[in-house]
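Participant: The primary structure of each chain is shown beneath.
There are 2 protein chains.
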Amino acid sequence: MSKVMIKDLGSFMEKKVKVSGWLYNRTSKGKLIFLLIRDGSALVQAIVSRQTLSEEQFNLADKLTQESSLEIMGVVREDNRAVGGYEIEVESLKVFQICDSYPISPKEHGVEFLTFHQHLWIRSQHISSILKIRAEIISAARNFLNSQGFYQVDTPILTPSACEGTSTLFKIDYFGEPAYLAQSGQLYNEANCMALGKVYTFGPTFRAEKSRTKRHLMEFWMLEPEMAFVEQEENMSIQEELICFIVSSVLKKCSNELTTLKRDVSFLKKVQPPFPRLTYSRAVELLREKGFDIKWGDDFGAPQETAISSLHEKPVFITHYPATIKAFYMQPDIDNPELVLCADLIASEGYGEIIGGSQRIHDYNLLKKKINEHNLPEEAYQWYLDLRKYGSVPHSGFGLGLERTVSWICGLSHIRETIAFPRMLDKIYP
Amino acid sequence: MSKVMIKDLGSFMEKKVKVSGWLYNRTSKGKLIFLLIRDGSALVQAIVSRQTLSEEQFNLADKLTQESSLEIMGVVREDNRAVGGYEIEVESLKVFQICDSYPISPKEHGVEFLTFHQHLWIRSQHISSILKIRAEIISAARNFLNSQGFYQVDTPILTPSACEGTSTLFKIDYFGEPAYLAQSGQLYNEANCMALGKVYTFGPTFRAEKSRTKRHLMEFWMLEPEMAFVEQEENMSIQEELICFIVSSVLKKCSNELTTLKRDVSFLKKVQPPFPRLTYSRAVELLREKGFDIKWGDDFGAPQETAISSLHEKPVFITHYPATIKAFYMQPDIDNPELVLCADLIASEGYGEIIGGSQRIHDYNLLKKKINEHNLPEEAYQWYLDLRKYGSVPHSGFGLGLERTVSWICGLSHIRETIAFPRMLDKIYP
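Listed in order, the protein sequences are those of chains A and B.
Each residue of the first sequence is one higher than the one before, counting from 4 in the working numbering.
Each residue of the second sequence is one higher than the one before, counting from 4 in the working numbering.
So here's chain A without its partners, still in its complex pose (with noise of 0.2 Å):
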């Protein structure tokens, strides 16, 4: 007899099948109990029958309560009624563990308590769905990467020296030197793509921010592809291919999450190339019309993020933003070098940024005066000025923010549901 996943049950119609896993629900009707038992993988209902097991097993199938452990074995039939469409015959049961009043009831508890909870709950079926989900974007996401010939290079989370300046960093001694947590990969990119070509790296990021967001994690996730010889324009058709094969491939794998999320898909349907594009000028033209009090060379936070999105029905590039907001390395638009060659993509449902990308500056004297410019130690960038200097191409990368194109993709309000245990700024437990 196999043992069995839920999610497989399909292939094993009218057969006999083991299945272990935990009591999500319990309902009784006279001589029969129905068992709906989740394995992590879906959830099926199982018929325990007054008929076929004995006294002893039917009556602890009764006292079966939430989160209980067991394993049944019996005989798939299909059943459209039932959740899944298939149900189970039990003809016998096996039982680990009966669950003693498990905190996490189906009434409703605050956020606090449940994230204090956090360990257990990510056992429903609300935060077990997003995490699946998160599973599948990475999935895609290196599947997409790894087919158009690019190789993962694991960047360092340890580093000398910052990406973008050192107060957001969490700091660490490294046997009597000062280290720091990365915020970004890039960097070190910049020199794997001048040894492999197309490289990316998929890894934890740390922020060090005393803010209290629902779009802010202290610790997050960072897919950062980066490519010798591409410029902007390919780097951002190479984005936008990528977003549109993750939407697609979360849309066809993973209904049955998004179903128990309640996300209308809708919007996602539409998520195909191309993406509406428009400069950081326009974006401030269409801001001050709308009312926002904002002038040429201010940044942009959530709430215009937000007014932009919601003016497209899909995710939307906004470029050539001043040199001033943004980091030292992006390349400078040879019309007007006051603006740089970069893109945010913001997504659509007025969620914010989930990429930031940009073409990086290939001169080694142009990088350098940035360098200065910017007050970074010219020392502690020696390698990176090296890249300019022995065999320099124009290249182009970007990192997407993992959490926030879960929060998206899932329609969640709040990011510490996108990963299985949030870091924030009053959380560190569990």
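Misleading hints may appear alongside valid ones.
If several chains are the same, the list does not tell them apart, and a pair holds so long as it fits within one copy or across any two.
What the hints assert, rightly or not - Calculated pairs, DSS-like style, for lysine-lysine (alpha carbon to alpha carbon, straight line, at most 30 Å):
1) Lys371 to Lys97
2) Lys19 to Lys317
3) Lys265 to Lys255
4) Lys97 to Lys372
5) Lys174 to Lys213
6) Lys392 to Lys255
7) Lys293 to Lys34
8) Lys392 to Lys97
9) Lys34 to Lys174
10) Lys174 to Lys430
11) Lys371 to Lys430
12) Lys430 to Lys372
13) Lys19 to Lys97
14) Lys66 to Lys110
15) Lys21 to Lys392
16) Lys174 to Lys66
17) Lys32 to Lys18
18) Lys217 to Lys174
19) Lys373 to Lys97
20) Lys265 to Lys10
21) Lys34 to Lys329
22) Lys110 to Lys392
23) Lys430 to Lys392
24) Lys298 to Lys21
25) Lys273 to Lys97
In short, the hints are calculated from the structure, not lab data.
Use these hints to put chain B onto chain A, whose structure you have.
Facilitator: For chain B alone, kept in the frame of chain A given last:
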């Protein structure tokens, strides 16, 4: 005309293509110049003829130095004598940068010099081949697990308590609270597998050990699967299948890279199930017979692992270690509670441990007792104990050290070559 990666040239026979890359080597023969070009995906020879190109373009080609960046256009021809089996007859050529005095010349350099120039050394055929094999190992492992119904769940790096004591942990200040960089995601994964059934995490882990060995890095990547309803025997079978899948994928997809590394693959071809298994007690006997001064209860170090490895042609499991030298969470052997249901997998050819795994304690009272015996703060493990209170089930998992696996499969003598930017005791730059 298509912009093509060198590895894909086979699909463009007799067609005109554009290739971008860096000069790896140049030789001249009268009216012909042979440019060996690397683009990160592979090497190709390009032929520049005085008859085809203008005087100016021909002279430009003749000036190209190692690592100069360029783009060529030309026709792909089959040539069995050429590296890769193809060559390109150049029709025109564009140079991005003539590289002046590239520091890493074909002559031998010392390790210190090379690792100081790590950002350039990764361009060498040696290191870039290793990085590609590393990328394939990562992909293969993920593909295997995804196909078996595992979900990737990212576990936190910033953690309030430690899996195995705090003496070798990097400490950080988390907004006034002490926190540590995780050495393992296992404990969190135990919670995750109770939510999703089968899970894995694949991220960086950190060990602040003041040791300078060929087998340790301060920052290294670990693949950590964790499975509910799985006992130790099945746990080992999955490890066996995973390792065989990884090795066969590398043999299939990275033959060029293995050749570049001059890797004798005869032992890798023998990596087929089942792997030999011996108990810790038997291993101690064998080591004594080999002249080791070791007594029952001592842990094994690198020399002992190498000795046991050399007795077998395949990777070997060492099982049933004394509880005293293993972590607090391991399930005791019912037949002899002094032993635990665990296994270390020792790679072949004298390479050491690449996997450590075990069945985990699922009994609440036993786990609580072990936490206290190990003088761990029970308070901090409350959530971990909860997993044994609410629907506890037998479960198992393991951790595969990525860098050690890369080292073994590539046949390297030092672990510093297994990652693009290694973090060692005295090395955090670049």
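Participant: Each hint should be assessed against the structure and marked as holding or not.
Facilitator: Taking the hints in turn, this is what the structure says about them:
1. Proximity of Lys371 to Lys97 under the C-alpha cut-off of 30 Å is restricted to the inter-copy arrangement: shortest distance 25 Å between copies versus 69 Å within a copy.
2. In the homo-oligomer, the alpha carbons of Lys19 and Lys317 never lie at most 30 Å apart, since the shortest distance is 47 Å inside one protomer and 37 Å across protomers.
3. Taking identical chains as interchangeable, the C-alpha atoms of Lys265 and Lys255 lie at most 30 Å apart only when both belong to the same chain, with a minimum of 16 Å there against 44 Å between chains.
4. In this assembly of identical chains, Lys97 and Lys372 lie within 30 Å of each other by CA distance solely across copies; the values are 27 Å between and 71 Å within a copy.
5. When the C-alpha separation of Lys174 and Lys213 is checked against a cutoff of 30 Å, the pair qualifies both within a copy, at 15 Å, and between copies, at 19 Å.
6. Within a single copy, Lys392 and Lys255 get their C-alpha atoms no closer than 46 Å, and across copies no closer than 37 Å, so neither meets the 30 Å cut-off.
7. Proximity of Lys293 and Lys34 under a CA criterion of 30 Å is satisfied in neither setting, with 65 Å inside one chain copy and 67 Å between copies.
8. Taking CA atoms no more than 30 Å apart as the test, Lys392 paired with Lys97 passes between copies only; the shortest distance there is 18 Å, against 68 Å inside one copy.
9. Proximity of Lys34 and Lys174 under a CA criterion of 30 Å is satisfied in neither setting, with 64 Å inside one chain copy and 59 Å between copies.
10. For a Cα distance limit of 30 Å, the shortest separation of Lys174 from Lys430 qualifies both inside one copy, at 19 Å, and across copies, at 17 Å.
11. When the C-alpha separation of Lys371 and Lys430 is checked against a cutoff of 30 Å, the pair qualifies only between copies, where the shortest distance is 25 Å, while the shortest distance within a copy is 40 Å.
12. Proximity of Lys430 and Lys372 under a CA criterion of 30 Å is satisfied inter-copy only: 28 Å between copies versus 41 Å inside one chain copy.
13. Only within a single protomer do Lys19 and Lys97 lie at most 30 Å apart by alpha-carbon distance; the minimum there is 16 Å, versus 67 Å between protomers.
14. Within a single copy, Lys66 and Lys110 get their C-alpha atoms as close as 20 Å, which meets the 30 Å cut-off; across copies the closest is 76 Å, which misses it.
15. In this assembly of identical chains, the alpha carbons of Lys21 and Lys392 lie at most 30 Å apart only when taken from different copies (24 Å versus 63 Å within one copy).
16. In this assembly of identical chains, the alpha carbons of Lys174 and Lys66 never lie at most 30 Å apart, being 52 Å within a copy and 47 Å across copies at closest.
17. Taking CA atoms no more than 30 Å apart as the test, Lys32 paired with Lys18 passes inside one copy only; the shortest distance there is 25 Å, against 73 Å between copies.
18. Taking CA atoms no more than 30 Å apart as the test, Lys217 paired with Lys174 passes in both settings, with 24 Å inside one copy and 27 Å between copies.
19. For the homomeric pair Lys373 and Lys97, the shortest alpha-carbon distance between copies (27 Å) is at most 30 Å, but the shortest distance inside one copy (68 Å) is not.
20. Proximity of Lys265 and Lys10 under a CA criterion of 30 Å is satisfied intra-copy only: 20 Å inside one chain copy versus 45 Å between copies.
21. Taking the shortest alpha-carbon separations for Lys34 and Lys329, neither the intra-copy value of 69 Å nor the inter-copy value of 50 Å comes in at or below 30 Å.
22. Within a single copy, Lys110 and Lys392 get their C-alpha atoms only as close as 64 Å, which misses the 30 Å cut-off; across copies the closest is 21 Å, which meets it.
23. Taking the shortest alpha-carbon separations for Lys430 and Lys392, only the inter-copy value of 23 Å comes in at or below 30 Å, while the best intra-copy value is 45 Å.
24. Within a single copy, Lys298 and Lys21 get their C-alpha atoms no closer than 65 Å, and across copies no closer than 44 Å, so neither meets the 30 Å cut-off.
25. For a Cα distance limit of 30 Å, the shortest separation of Lys273 from Lys97 qualifies neither inside one copy, at 47 Å, nor across copies, at 41 Å.
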